[in-house]
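Protein chains: 4
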Amino acid sequence: MKILAVTGIRSEYDILFPVLNELENNKNFELKVVVTGAHLSYTHGLTINKIIEDGFNIADRIDYLLMTNRKTQRSKGVGILIEGLTQTVEREDPNMLIFVGDREESIATCIVGNYMNVLVAHIGGGDPVYGNADDPIRLSCSKLAHIHFATAKEYANNLKKIGEEKFRILNSGNPALNNIIKTKKISAKKLSNFLNIDIYNSQYIVVLQHPISSEVEDTNTQIQSTMEAVKEFSDINKIKVIGIYPNSDPGSYEIIDKINEYKSDDIKFYKNLPREIFVNVMRNTLALVGNSSMGILEAPLYKLPVINVGNRQKGRLNAGNVVFVEHNKIDIIKALNQACFDRKYRNNIQKLQNPYGDGSAHKKIVKFLEKIDLNNPKWYIKKKLI
Amino acid sequence: MKILAVTGIRSEYDILFPVLNELENNKNFELKVVVTGAHLSYTHGLTINKIIEDGFNIADRIDYLLMTNRKTQRSKGVGILIEGLTQTVEREDPNMLIFVGDREESIATCIVGNYMNVLVAHIGGGDPVYGNADDPIRLSCSKLAHIHFATAKEYANNLKKIGEEKFRILNSGNPALNNIIKTKKISAKKLSNFLNIDIYNSQYIVVLQHPISSEVEDTNTQIQSTMEAVKEFSDINKIKVIGIYPNSDPGSYEIIDKINEYKSDDIKFYKNLPREIFVNVMRNTLALVGNSSMGILEAPLYKLPVINVGNRQKGRLNAGNVVFVEHNKIDIIKALNQACFDRKYRNNIQKLQNPYGDGSAHKKIVKFLEKIDLNNPKWYIKKKLI
Amino acid sequence: MKILAVTGIRSEYDILFPVLNELENNKNFELKVVVTGAHLSYTHGLTINKIIEDGFNIADRIDYLLMTNRKTQRSKGVGILIEGLTQTVEREDPNMLIFVGDREESIATCIVGNYMNVLVAHIGGGDPVYGNADDPIRLSCSKLAHIHFATAKEYANNLKKIGEEKFRILNSGNPALNNIIKTKKISAKKLSNFLNIDIYNSQYIVVLQHPISSEVEDTNTQIQSTMEAVKEFSDINKIKVIGIYPNSDPGSYEIIDKINEYKSDDIKFYKNLPREIFVNVMRNTLALVGNSSMGILEAPLYKLPVINVGNRQKGRLNAGNVVFVEHNKIDIIKALNQACFDRKYRNNIQKLQNPYGDGSAHKKIVKFLEKIDLNNPKWYIKKKLI
Amino acid sequence: MKILAVTGIRSEYDILFPVLNELENNKNFELKVVVTGAHLSYTHGLTINKIIEDGFNIADRIDYLLMTNRKTQRSKGVGILIEGLTQTVEREDPNMLIFVGDREESIATCIVGNYMNVLVAHIGGGDPVYGNADDPIRLSCSKLAHIHFATAKEYANNLKKIGEEKFRILNSGNPALNNIIKTKKISAKKLSNFLNIDIYNSQYIVVLQHPISSEVEDTNTQIQSTMEAVKEFSDINKIKVIGIYPNSDPGSYEIIDKINEYKSDDIKFYKNLPREIFVNVMRNTLALVGNSSMGILEAPLYKLPVINVGNRQKGRLNAGNVVFVEHNKIDIIKALNQACFDRKYRNNIQKLQNPYGDGSAHKKIVKFLEKIDLNNPKWYIKKKLI
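Chains as they are written, first to last, in UniProt numbering: chain H, 1 to 386; chain E, 1 to 386; chain G, 1 to 386; chain L, 1 to 386.
Isolated chain H (complex conformation) (with noise of 0.2 Å):
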């Protein structure tokens, strides 16, 4: 069996990433990678070069990832990439087309599939998130690929729900969660030394904020009240602060602005990290902020406290690990004084079950394409789509 798959941007790569491993060190699939968007951009740290180290072969790279900050960006890019990728998936002609999420590439891929009579496979439908434009992608996803791959018992039987036939969908768990099983320890000294900030003799908080498309206008001052409160409590409580700058979506370049206004000693940003870096600092934080769908779906696994601020993640599973505070610079200090000092609270989130699996994600998922079978034509022609 023939998979391309197609990855547009570090954080669905990182959830891609263990099936892609496990699929190369199996014979029964040959396995090539497109890689798109955010990949491609060096403002955002050119993550293809970790996809060559990581030693896939790359079938095509398509550049859709357009240098503006207008809703133009996301819409005019979808058009883009799907002209490219419809070349490359005739010249490949695979099997099967894999991809993860919500974003530009799915709905590609989805688009690309159903065309060129390809089977796709979805990692990560079901999920009831709203409020930014990605999540009636996700769903519109759903009802275009072959075969779903949830990460989530609950997201599995929302799949279900919405028409999808029953022999299409595995509730696989969350395949990061292996990367984060998998990730050696790096000493507190080593962190410090790598990230030029001082995590050794102090503690720390991460920050993690993407903008929400249904509220581009307000970004700069969501942004500023995170930031704000970031910094007051980081000064009251003589806490550091690590953060991420946000993915490329439209307002991303207003949040990196205000962030660059806030950095300092204590507060330091990058624009990527390794991936063992990164597990190693979210294994030591004493709490997440901001909007990452992080804090919903790997944070469970670290036991990790969470402020999730404003609207985006709204309408996921919580573990019990996540607070939603609004964009309110108090809230969020509280927030941060309950995630962080709060005893009870911290043990009680110790004790949560994770419901997006135990890590086996990865296994499960390449099972199940083992056993397609890809001449019966119940995977191709959906019978029953209501």
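Each hint should be verified, as a subset may be incorrect.
The list cannot tell twin chains apart, which means a pair is met if one copy fits it or any two copies do.
Here are the simulated lysine-lysine pairs, PhoX-like style, with alpha carbons at most 20 Å apart [stated by the list, open to error]:
#  : residue 1 : residue 2
1  : Lys367    : Lys378
2  : Lys383    : Lys303
3  : Lys153    : Lys334
4  : Lys161    : Lys383
5  : Lys384    : Lys161
6  : Lys258    : Lys231
7  : Lys50     : Lys184
8  : Lys161    : Lys182
9  : Lys258    : Lys271
10 : Lys303    : Lys160
11 : Lys383    : Lys160
12 : Lys378    : Lys258
13 : Lys378    : Lys2
14 : Lys231    : Lys189
15 : Lys166    : Lys263
16 : Lys383    : Lys314
Treat the hints as calculated values from the structure; they're not laboratory data.
Assemble chains E, G and L onto chain H, guided by the hints.
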């Protein structure tokens, strides 16, 4: 309220037309039309000229239809259209996009609306037909569109089943019915003259068969069995045949080539017929054979027996006038005999209930649109996606 | 040296073929072909199949030919092609791009080569023909290409006149002539059978007329006067007519429609003829009428009288076999009479000197390419542009 | 006469502006502007806002600038732009397209004009500068454009040399000079405040260095030697440094990163400066260092010594104010010492003759355009191409 309608092919424009006409004549709306796809193709009869005649303001002409018969045609075409439509939507800055159905225009409009944060209204969602590349696209559009005008009660219910909120859904019925109702009668003599075939002294059947994407490799043998059956039926019974060439999808060239082999004084095919001619042709035909959606969606209004050949249209609501047969000459002839000459069968069809409304869909749709409060955020963000 | 050839239409591929064949059989070169444009169009005879039969390695298929007859067709087409070709060139990473002529493929290849810093070799520059949208494109390509293979001495000199450095230019002659020389003779009987027209007992002329962009509004009347003339000449003299359908440019549909009105047992038109058939048809025809470049560039090898109708091909080097006439029935018939029946005129043409070489162009070109030192920066940067 | 101007970057818009302003104020012309490229990029200062402030009617915004530093950026970018611009030109149906220079916008405008049969006017042709991917593009545009406004007599002659007809060419001079002449004086104190650097009590030099495509691999070491030289020169002589970030070409990110390492209280860089600030900065600087075309084309008006580092701008007409040096710290410092402190050298520059006109180019251009008879076919078809 400024509305931008997107249309790409004659068959879908016919459904859209009564709605556009109603909007154009209502001073609460400003309407422009984006003309794309087969409308701009000489081969498909340059139906943009009909839109110009109808008097609508054209926002942009966007070419995307590629001159190939490969599967890449529709896939790459969607990408090209999204690029162009993004440019149009930014410039025109409409309050709403409106479209019909399940084709390239449909998914392109939904994607652009989603990322550009513009409301999208979809006519024709909730229809569970399967087997063609269009069909999952229709469902995918439903998860992205903000407002749904279903053509039947069952379809409106289907939209709720896949998670769409009730307040977004209206069972309007099929707007195209109004075209039929409003069309003046033309005498058989005049029709004969116009069509250059004698249907004044002779009865006739109508043929309309498109390729189906999931069986595109069999296109040639499929159209051959239809044409063989039709020819034999015509020869034996001295019945004329009026046909329309297929749409622009991959496989259409093979169909045209095969059709051309069978053309004769008794079997005539046309690129496109003016609406008033076509409606009168349908009013007087003994039966319709092929796989056009019209057999399901419009033929009930004519109380017309339909022989649907093959898998296209399977899954759709059958008003009782449709018989499904395989791609087999003998079966088709048998069904034609029943449809044309079995008095009891024909009488039963005269009594059917049309599930697709009473021809007032356009009025219901515009009334619904008038009541929408564009400042209410509920329309823009689907808080319930499943 | 890895070479990527770019081809988009049968007429231009015929010129390229001997060069590709020579490269394929030379172990110093690795060759791949990018197939685009009309080669991928069913309407134009799917000539990609010929390229596959010829045994070349296809790097990518890139659709760009839009199904419209508007001027947007070629303009937007170039853009779509550049997008796709950039992707191919980055992946294949060739040392050189090679192409023929003056069409969409030509300018797209030059632009991609320029920005991707890959050498570009152009076959057919320096030709001062004017009146068609292709013509300034040809010159524009000459300013971007790094290596020039001219088809005549005068054209090589023209390249120097517009500022190209001498070391970049070779007067190779026209590679297409080799196809003609190498083609085996086929008897008139066999030709008659293949073509389904009796050219064994009857003489014939050949018609090949394309639209011209600067006069596209007059396409209809232009082809009509040619067809009227040809029909009358055929009727009076009992001479058969063999025609080829036009290329894909705007206006081509009008030409096809008009041609179809004149088709009869004595006047046959073909979408495409296999090369060996076509060459034998040309060997035995009394004359060629229309406006194909073949009348100028290849007919001298056949010592064939040509009637060039209208302004297309004006400015080109006339070997002495071409008469230019207006779009006027009487003038065309007069010229046909001279070309077919004036013995003295026909004898003079037998004595002409062919300025387009001796059929060894492909060998000269490959020898030139073999000597290029890819590490010498002189090839990449034109220090003298004027 | 309806004119559509196409602009993509601040530097080129500055040249275009006086012409647009003159057209806007002339009732014989209807003007619209297509805004593309870096104008739409937040990173490049969203200079579309300047165009809006200047009061021009915007026909369309066309994104094409890809967020990558690979060579694909400009190549694919041209394709995307051509697609969008074709749509705009069909809708607007202008009589003429106008553009400046040698960038993606330039070649895209020429191609669209050629195939859409719309006149194209080019400002800045005939310049034999070499070494950058832009340079052959400029010449390529000259062969496609119908009307040429050269910025110097020698350049006008060059256009004739490459075969352009005399009646199409006007030596207008450089329109940008008018911006400089018209700009009001701003005091050093106010400039210091605005720029947040003290250039009231201290002298300063200006740095403006772009990547060069034929040496893009050396970008990092090239900018480093400039920055090292500038820093040392600044330290030793207590002279401030004002810099502008580079354009959007591949290599620009490396330049920005390197520049950022050298920023200090004495060395300040700006994304973009308002025109009136920039002109006043240029009026008072001791010298300009880098490789901007401004050093060649505009600095003569300021009688300003220029150190051009490296091969960019080579081949251009030097008014006598430019010294070319290698990418070598010591050579740059030596040249800076001469430029800033060698009184005799500086006196000679005061006496130079400006070959780029007297600042009235915009008036000459508009007068030329007014006299064009749009019905005369000579403008549309170049009967003499060589």
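Report task. List, from low to high, the hint numbers that the structure doesn't satisfy. Result -> 2, 3, 8, 10, 12, 14 and 15
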